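Based on the sequences and whatever the hints tell you, model everything.
Number of protein chains: 2
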Amino acid sequence: MQRFSFARTATDGKARAGLISTPRGDIRTPAFMPVGTAATVKAMMPGSVRETGADILLGNTYHLMLRPTAERIDRLGGLHKFMNWERPILTDSGGFQVMSLAALRKLTENGVTFKSHIDGSKHEITPERSMEIQRLLGSDIVMCFDECPALPAEKATIAQSMQLSMRWAARSRDAFGDRPGHALFGIQQGGLEPDLRAESAAALTDIGFDGYAVGGLAVGEGQEAMFGCLDFAPDQLPQDKPRYLMGVGKPDDIVGAVARGIDMMDCVLPSRSGRTGQVFTRRGVVNIKNARHADDPRPLDEACRCPACRNYSRAYLHHVFRSQEIISSMLLTWHNLTYYQDLMEEMRTAIAEGVFGAWQDNFHSARADGDIAPI
Amino acid sequence: MQRFSFARTATDGKARAGLISTPRGDIRTPAFMPVGTAATVKAMMPGSVRETGADILLGNTYHLMLRPTAERIDRLGGLHKFMNWERPILTDSGGFQVMSLAALRKLTENGVTFKSHIDGSKHEITPERSMEIQRLLGSDIVMCFDECPALPAEKATIAQSMQLSMRWAARSRDAFGDRPGHALFGIQQGGLEPDLRAESAAALTDIGFDGYAVGGLAVGEGQEAMFGCLDFAPDQLPQDKPRYLMGVGKPDDIVGAVARGIDMMDCVLPSRSGRTGQVFTRRGVVNIKNARHADDPRPLDEACRCPACRNYSRAYLHHVFRSQEIISSMLLTWHNLTYYQDLMEEMRTAIAEGVFGAWQDNFHSARADGDIAPI
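If you read the sequences in order, they're chains A and B.
In terms of the numbering used here, the first sequence is residues 202 to 576.
In terms of the numbering used here, the second sequence is residues 202 to 576.
None of these hints come from the bench; they were simulated from the model.
Mixed in with the good hints there might be a few duds.
Copies of the same chain look alike in the list, so a pair counts if it works inside one copy or between any two.
[Said to hold, decoys possible] The list that follows gives simulated cross-link-like pairs (lysine to any residue, SDA-like), each with its CA atoms no further than 25 angstroms apart:
{"no.": "1", "residue 1": "K356", "residue 2": "E526"}
{"no.": "2", "residue 1": "K451", "residue 2": "Q424"}
{"no.": "3", "residue 1": "K356", "residue 2": "A403"}
{"no.": "4", "residue 1": "K282", "residue 2": "L308"}
{"no.": "5", "residue 1": "K490", "residue 2": "G279"}
{"no.": "6", "residue 1": "K282", "residue 2": "T406"}
{"no.": "7", "residue 1": "K316", "residue 2": "E526"}
{"no.": "8", "residue 1": "K243", "residue 2": "Q298"}
{"no.": "9", "residue 1": "K356", "residue 2": "Q424"}
{"no.": "10", "residue 1": "K243", "residue 2": "V469"}
From a predicted model like this one, the values you see are computed outputs, not experimental measurements.
Here it is, written out as structure tokens:
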């Protein structure tokens with residue numbers, strides 16, 4: 202069995218390009234992971250997700266444990282087979298979404314009890330149960346069970362929460378055991394505080410993980426505060442392991458995170474925005490429901506290789522969005538995911554060629570130009 | 202410019218197999234036309250519709266004239282380019298949907314005025330305007346503007362309505378003019394009355410069309426009454442032109458219609474049912490939302506070549522339907538359209554081989570067997 206491994210192939214400033222190898226395939230970094238919450242990247246066939254350039258998907262433990270349940274997915278042969286995606290899958294621990302979605306949460310040293318947002322049924326997640334669920338799903342990259350406090354919060358609160366997460370990280374490591382070919386990532390907490398982040402990084406490094414996530418960001422603190430934290434937090438983590446920034450983000454968040462040494466990210470933004478008519482292009486955001494597109498025969502983005510841009514006019518995309526046709530979600534999601542993957546590919550190339558600074562200047566200036574003029 | 206033409210290649214009893222040739226490609230008959238109401242076959246990419254085996258789509262004049270409008274589609278290069286479907290398109294005349302969807306309809310000798318069901322705006326369709334709209338759309342097979350009365354109705358009412366439709370057919374023919382490569386179909390009316398159907402067929406044949414539709418059926422009269430009418434109505438139409446049964450139907454409706462000499466059909470059923478979890482298989486209808494499928498690792502239909510059957514379990518399809526995921530509509534529509542196209546292909550082959558009677562027996566006995574037993 203091939204083991205999980207990570208190799209940095211190039212650096213440019215703090216930015217890193219590399220390759221994660223797993224038995225289910227390689228992951229080129231920096232990597233963007235589309236989110237397949239309920240065993241589907243919404244509005245996309247798995248083959249189409251792969252065509253966009255995705256090497257790995259993210260699945261949500263919280264959603265899958267409630268429906269169709271981890272035990273059922275296990276009986277059916279695991280999440281990869283269930284959803285027809287043979288390449289790597291990373292699953293989160295369930296912790297973040299218990300906090301954001303479930304009702305009647307109760308947090309103890311042992312774990313969290315809560316009621317399902319779907320049917321009100323009662324559930325518990327502990328570090329041990331989270332490891333079990335992620336094993337039943339067949340996840341390739343498993344995340345430690347952690348607690349993520351909302352920001353802003355008192356420093357003492359953040360410290361206590363971080364220390365609980367570190368105890369849970371140790372329990373997660375024990376429960377995960379030795380699973381060749383599968384990886385367990387620790388999650389750094391500590392809010393925006395350098396000393397707490399350092400304490401968390403030290404605790405995680407002592408335990409020892411296959412990769413490290415920067416957790417607790419992208420929870421409403423804003424880009425400036427997030428970048429401020431990313432100016433020091435990734436540096437506290439081991440150089441030779443992948444670094445994953447959870448739940449990020451907008452294209453400029455992603456570029457700024459890569460510049461600060463992040464290797465992996467995930468976000469629902471490209472797929473969710475595809476369903477609400479918000480489109481990401483090299484020239485910034487386009488809102489397809491705007492009447493200016495109704496008669497526009499031009500593609501969304503002339504430089505884009507996706508089917509929405511190759512085969513359809515803005516006028517068509519506007520029409521099907523206004524008509525609430527499913528193909529609108531299909532095409533705009535496909536476009537947005539393609540845009541995100543092309544962004545990652547451009548960054549990987551720029552880092553490899555040692556021109557990441559100039560590439561960033563071009564990225565920002567193209568966005569500052571804004572959309573093409575109305576017809 | 203290649204002209205529109207039709208050749209019968211085989212007959213078996215009243216059933217006919219043949220080929221319609223158009224500049225945009227051939228249509229194998231008997232043909233089932235998926236419905237692309239608003240310039241999209243709902244939940245399907247056009248390439249996927251083609252993969253199911255469809256040679257031609259149907260577009261709805263009523264919907265397209267309201268949104269995005271025929272003039273806009275014309276400015277954008279026509280419906281084929283707009284929706285990225287290069288093969289033949291048949292458009293209906295708008296008449297049927299004005300009657301079933303629009304508000305405040307007013308019928309005169311000249312045409313119909315009505316208010317849009319989308320925004321209440323006022324519109325008029327006359328035979329001349331219907332021809333203009335269908336020309337602006339770029340339709341390959343244009344339908345005469347007709348009136349379709351709801352059944353049951355008094356014979357005198359049906360007769361008056363049919364005679365109005367025949368006057369409109371003559372006006373449609375005049376307004377259509379000579380458009381090489383494009384076809385105009387007349388629509389037979391007359392309810393379930395043999396003498397009125399014969400009068401309508403004679404009137405249409407006198408005018409002369411490239412094909413003939415049997416209209417005014419599948420409007421609530423039931424299969425027995427419809428088959429009763431189809432026992433004589435197609436025979437009243439020219440043998441050497443395609444015969445199109447509008448708005449039909451369920452798989453057994455389609456088989457019975459082909460057995461009675463019908464060459465073309467359209468229906469929203471496979472696509473609409475795909476979105477409501479009703480699945481057509483060789484063993485009859487499967488309701489994917491039924492709890493019996495929750496743990497079932499087997500495909501919907503082992504004999505089916507579609508992605509839903511090749512790549513997914515019933516358990517997955519059940520899960521994504523219950524979770525209201527878009528991929529549910531995508532996969533089940535793909536399956537249903539594949540089932541319909543495979544049904545047509547089997548019938549074409551059986552007719553060509555002179556075994557259509559035996560094929561029909563097998564078709565009905567497989568359905569009588571019912572779905573595979575629960576796991």
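Hints versus structure:
Taking identical chains as interchangeable, the C-alpha atoms of K356 and E526 are never at most 25 angstroms apart, the minima being 48 angstroms within one chain and 40 angstroms between chains. In this homomeric assembly, K451 and Q424 come within 25 angstroms of each other (Cα to Cα) only inside a single copy, at 10 angstroms, whereas the closest approach across copies is 55 angstroms. In this homomeric assembly, K356 and A403 come within 25 angstroms of each other (Cα to Cα) only inside a single copy, at 18 angstroms, whereas the closest approach across copies is 89 angstroms. Taking the closest pair of Cα atoms, K282 and L308 never come within 25 angstroms of each other, the shortest separation being 34 angstroms inside a single copy and 57 angstroms across copies.
Taking the closest pair of Cα atoms, K490 and G279 come within 25 angstroms of each other only across two copies (21 angstroms); inside a single copy the shortest separation is 39 angstroms, beyond that limit. For the homomeric pair K282 and T406, neither the shortest alpha-carbon distance inside one copy (34 angstroms) nor that between copies (58 angstroms) is at most 25 angstroms. In this assembly of identical chains, the alpha carbons of K316 and E526 lie at most 25 angstroms apart only when taken from different copies (22 angstroms versus 34 angstroms within one copy). Only within a single protomer do K243 and Q298 lie at most 25 angstroms apart by alpha-carbon distance; the minimum there is 18 angstroms, versus 32 angstroms between protomers.
With identical chains, the CA atoms of K356 and Q424 are at most 25 angstroms apart within one copy only, with a shortest distance of 20 angstroms there and 74 angstroms across copies. For a Cα distance limit of 25 angstroms, the shortest separation of K243 from V469 qualifies both inside one copy, at 10 angstroms, and across copies, at 24 angstroms.
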